[in-house]
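So our numbering is basically just the index in the sequence shown, starting at one, shifted up by 1006.
Warning: the hint list may mix true and false statements.
What the hints assert, rightly or not - Label pairs and their computed distance ranges (CB to CB):
| hint | residue 1 | residue 2 | range |
| --- | --- | --- | --- |
| 1 | M1040 | G1128 | 27 to 35 Å |
| 2 | Q1080 | Q1057 | 23 to 31 Å |
| 3 | T1138 | K1018 | 17 to 25 Å |
| 4 | Q1057 | E1181 | 31 to 39 Å |
| 5 | Y1374 | N1182 | 17 to 25 Å |
| 6 | Y1374 | L1332 | 25 to 33 Å |
| 7 | Q1057 | P1375 | 40 to 48 Å |
FYI, nobody ran anything at the bench for these hints, they're computed from the structure.
All residues carry an ideal CB built from backbone N, CA and C; glycine is no exception.
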Amino acid sequence: MKLRNIGIVYSKERTDMLRDRRTLINMFLFPLLMFPLVTVGFSRMESRFRQKAQSEAATIMVLGAEHAPELVAQLRASGKFVILPASEDFRQQISEKKIRAAVEFPAGFESAVRSAEGPPPGVKLFYYQTETRSEMALRGLEEALTKFRNELLQGRLAGRGLAASVLTPVKLEEENVATREKVAGVRLGPLIPYFIIIFSLMGALHPAMDLTAGEKERGTMETILASAVSRGELVMGKFLLVLTTSLLTALVSLASYGVTLKYSASAGARGMGAGSKEFAAHFSLQSLALVFGMVLPLTVLFSAVLIAISLIARSYKEAQSYTGPLMMVAILPAIASILPGIELNPKLALIPILNVSLVSKEILSGSYPWASIALVFGSTCFYAAAALAIAVLQFHREEVLFRA
1007 MKLRNIGIVY
1017 SKERTDMLRD
1027 RRTLINMFLF
1037 PLLMFPLVTV
1047 GFSRMESRFR
1057 QKAQSEAATI
1067 MVLGAEHAPE
1077 LVAQLRASGK
1087 FVILPASEDF
1097 RQQISEKKIR
1107 AAVEFPAGFE
1117 SAVRSAEGPP
1127 PGVKLFYYQT
1137 ETRSEMALRG
1147 LEEALTKFRN
1157 ELLQGRLAGR
1167 GLAASVLTPV
1177 KLEEENVATR
1187 EKVAGVRLGP
1197 LIPYFIIIFS
1207 LMGALHPAMD
1217 LTAGEKERGT
1227 METILASAVS
1237 RGELVMGKFL
1247 LVLTTSLLTA
1257 LVSLASYGVT
1267 LKYSASAGAR
1277 GMGAGSKEFA
1287 AHFSLQSLAL
1297 VFGMVLPLTV
1307 LFSAVLIAIS
1317 LIARSYKEAQ
1327 SYTGPLMMVA
1337 ILPAIASILP
1347 GIELNPKLAL
1357 IPILNVSLVS
1367 KEILSGSYPW
1377 ASIALVFGST
1387 CFYAAAALAI
1397 AVLQFHREEV
1407 LFRA
């Protein structure tokens, strides 16, 4: 093979690719826009929804209100609740979202709590789990009941000349010994490998299909094969371009993710600020560079496999049907980094995609298991070399290139 000929093929295909809007959208626009829309957009929508729900008075039903007149009066006075008359179908009304929650006081509730004799009376709270407004009403009722209980306790202690500290004879103090890099790795580490793996595959998907099945469909494959460039040089030039788009897409997605997290911190988006500060300050350049090094042979594997599969197809549409299942095959092991309880071991280190996902999570958490890193890198390089060899062989098979 001549490097000059490979470079000519690469330059020619790169020029054609830069004219293709679909490739540019997949490589740059989609990764750049997805993270801001998903993280900032959804977090702000969720924040506004919660603020609106919290500002509204919760419609509840009180059963046995005559047994707790003082507490019911406090609920009304708080302005947080709209109390409806008791009804036997309160459960159905909660299910149908006509009311958010209900509370039931037993007979003799107030006299029992005032006398402080016998077992404490039980109060039942009814709500609809997974319904946000119902759960918020539940928390509001719990806060009101906790406040009422604390007032009773303070009154009893004061009546006996005791300080409130007698209820907490032991003061607990917590100290986190985990480093900030560890915390950042646990919170954000699982997400970063997942997104890098998925976007590196997406970045290689369209160019691989266009440079193989697309060439067949346009009728230009025969012209290219008739040139002075050997088939090995041809496939290497195409492969390097697919690899370039895969790496660029992964880098753009990672950069977009980091910028989005930083913006979320400065904008005060709900639930994103702490994570973004940790990302900015506590993911070392060494760990990020090492993760990129682990992903590099994986992108080679993706690019070679996609070229080999797409070359079998007669048209771009047929290539899509062949490569579509590969996306699901990649997503399942890639998502393993997000799932709790899955730890890297020598057996898992040999499973492609899954091994890179798990070892990247370890690296980003500040742990560097060098034996596992070497095993993952070596096995992925082996799979990538095998896939590239298969792709080269495919270009030497006439029945594949000129499949009718």
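How the hints compare with the structure:
no. : hint                      : result
1   : M1040 x G1128: 27 to 35 Å : violated, 50 Å
2   : Q1080 x Q1057: 23 to 31 Å : holds, 24 Å
3   : T1138 x K1018: 17 to 25 Å : violated, 56 Å
4   : Q1057 x E1181: 31 to 39 Å : holds, 34 Å
5   : Y1374 x N1182: 17 to 25 Å : holds, 21 Å
6   : Y1374 x L1332: 25 to 33 Å : holds, 31 Å
7   : Q1057 x P1375: 40 to 48 Å : holds, 44 Å
When held up to the earlier numbered hints, the structure conflicts with 1 and 3 and fits the remainder.
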